[in-house]
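Chain by chain, the residues run as shown.
Protein chains: 2
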Amino acid sequence: MADILHRIGIKDATPQRVYDALTTVDGLAGWWTDDTKGNGEVGGTLEFRFPPGGFDMRVIDLKPGEQVVWQVVGGPEEWIGTTVDWHLRQDGDYTVVLFKHQGWAEPVEFMHHCSTKWATYLMSLKSLVETGQGKPSPRDVQISDWH
Amino acid sequence: MADILHRIGIKDATPQRVYDALTTVDGLAGWWTDDTKGNGEVGGTLEFRFPPGGFDMRVIDLKPGEQVVWQVVGGPEEWIGTTVDWHLRQDGDYTVVLFKHQGWAEPVEFMHHCSTKWATYLMSLKSLVETGQGKPSPRDVQISDWH
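Chains A and B are the protein sequences, given in the same order.
The first sequence begins at 1 in my numbering and counts up one residue at a time.
The second sequence begins at 1 in my numbering and counts up one residue at a time.
Isolated chain A, as found in the complex (with noise of 0.2 Å):
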């Protein structure tokens, strides 16, 4: 099993607003992609759909301003299974995000391709929290001929 780590740290934000961006509709399309829908809460899907395709994940944990973990329920096959998990803390001015997507089953070129592309969403989530501005998918960042 492979995992794609991140840690990005969000000036003058609370964990409480994070979270927020990590689990409401709203929260999610403003650095994710504008194409969310779906219920954020433990239980519920959430869909998010790209111009290549999309994800499905079901909510299985939820603590308010400290973690948030989903399951991959639908999407390319090399998704299906595996786990996101957002943990989040104050550390002075900062919140910091430890970002895991456990259990790949291989490191596969697509692995190596989302490990990138998830740090350039992160950095969307930090500038969606720190400025009111992220670059949700059809405006993110083009890493390469994948998109």
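Treat the hints with care, since some could be wrong.
All copies of an identical chain are treated as equivalent in the list; a pair is satisfied when it fits inside any one copy or across any two copies.
[Unchecked claim] The calculated lysine-lysine pairs, modelled on DSBU-like cross-linking and capped at a C-alpha distance of 35 Å, are: (1) K135 / K63; (2) K37 / K63; (3) K135 / K11.
Note that these hints are calculated values from the structure, not bench results.
On the provided structure of chain A, position chain B as indicated by the hints.
Here is chain B on its own, set in the frame of chain A:
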């Protein structure tokens, strides 16, 4: 063991131009850090310095236009003995870069940070080759309280 993986595509580039940016002091200084010194040939050591510290990399394998492999011989203790592997190939109009920073003993918080920071430096490499202008340290993208 845990690995950091990334993939970018550099438009209208050739693998040889990207290879030059990974094997010459001028090229490396254009996207990673202004403060780059040393010898990029096999058996040589490259010294990269940043405001918070730095890394010494022994060049252990080179395949012109295809692959660059470094072993970390100086820097933070979590980095010592890890390897950084760059694989290049042409894919249509793009040079695809597959990046692996392999052999982390544990998936510590610092590894999460380095994963995101590598992504921003890979985007700097892409920008350098595509536009002539990267974002090397100390003008690098700030991702958190850690820099």
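Hints, verified against the model:
{"no.": "1", "hint": "K135 / K63", "result": "within (26 Å within a copy, 37 Å between copies)"}
{"no.": "2", "hint": "K37 / K63", "result": "within (21 Å within a copy, 47 Å between copies)"}
{"no.": "3", "hint": "K135 / K11", "result": "both (17 Å within a copy, 21 Å between copies)"}
Of the numbered hints stated above, none is contradicted by the structure.
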